[in-house]
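Our numbering puts the first residue of the sequence shown at 1, with every later residue one more than the last.
Keep in mind the hints are simulated off the structure, nothing from the lab.
By construction, the Cβ of each residue, glycine as well, lies at the ideal position given by its N, Cα and C atoms.
Do not rely on the hints blindly, as some may be mistaken.
Pair by pair, the computed Cβ-Cβ distance ranges are [claimed, not checked]:
1. R11 <-> D56: 10 to 20 Å
2. E19 <-> G49: 17 to 27 Å
3. G65 <-> D3: 29 to 39 Å
4. A64 <-> L37: 14 to 24 Å
5. D3 <-> Y34: 13 to 23 Å
6. T5 <-> G65: 27 to 37 Å
Cross-link-like lysine to aspartate or glutamate pairs, in silico, EDC-like; alpha carbons within 16 Å at most [to be verified]:
7. K52 <-> E19
8. K52 <-> D16
9. K52 <-> E38
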Amino acid sequence: MLDMTSTALLRAIHNDVCEKLSQYETRTRTHVAYKLLESASSGERSVAGLTKVGRDALRHAALAGRLER
Numbered sequence: 001m002l003d004m005t006s007t008a009l010l011r012a013i014h015n016d017v018c019e020k021l022s023q024y025e026t027r028t029r030t031h032v033a034y035k036l037l038e039s040a041s042s043g044e045r046s047v048a049g050l051t052k053v054g055r056d057a058l059r060h061a062a063l064a065g066r067l068e069r
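Start from the sequences, fold in the hints, and give me the full structure.
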């Protein structure tokens, strides 16, 4: 279970990483959130590390979306 500080950090990173996404791109936003939670649950707590995880997840989701078309 994550504490309030960790939850606030994850929310801020998620908002930053997904800043340019439409609010309706819920599948991509959910994928990024899942990867952030997974990483934080595994012990990653640094801003730089979590931001990298979020950006990697966003790139992966964008690539997967292009491949599906």
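Within 17 to 27 Å or not, the Cβ separation of E19 and G49? holds, 19 Å
Does D16 lie within 16 Å of K52 when you go C-alpha to C-alpha? holds, 12 Å
Do the beta carbons of D3 and Y34 sit within 13 to 23 Å of each other? At roughly 19 Å between Cβ atoms, Y34 and D3 fall inside 13 to 23 Å, so the hint holds.
Lying within 10 to 20 Å: is that true of the beta-carbon distance R11 to D56? Given about 18 Å between the Cβ atoms, the range holds.
Quick check: does the Cβ-Cβ distance between T5 and G65 fall within 27 to 37 Å? With Cβ atoms ~33 Å apart, the hint holds.
Could you grab the alpha-carbon distance between K52 and E19 and see if it respects the 16 Å cut-off? holds, 15 Å
Need the status of pair K52, E38: alpha-carbon distance at most 16 Å? The given pair, whose Cα atoms are some 13 Å apart, holds under the 16 Å limit.
At the C-beta level, are A64 and L37 separated by a distance inside 14 to 24 Å? Cβ of A64 to Cβ of L37: about 19 Å, so the range 14 to 24 Å holds.
Cβ-Cβ distance between G65 and D3: within 29 to 39 Å? 33 Å Cβ-Cβ, so the 29 to 39 Å window holds.
When each numbered hint is compared with the structure, no violation occurs for any of them.
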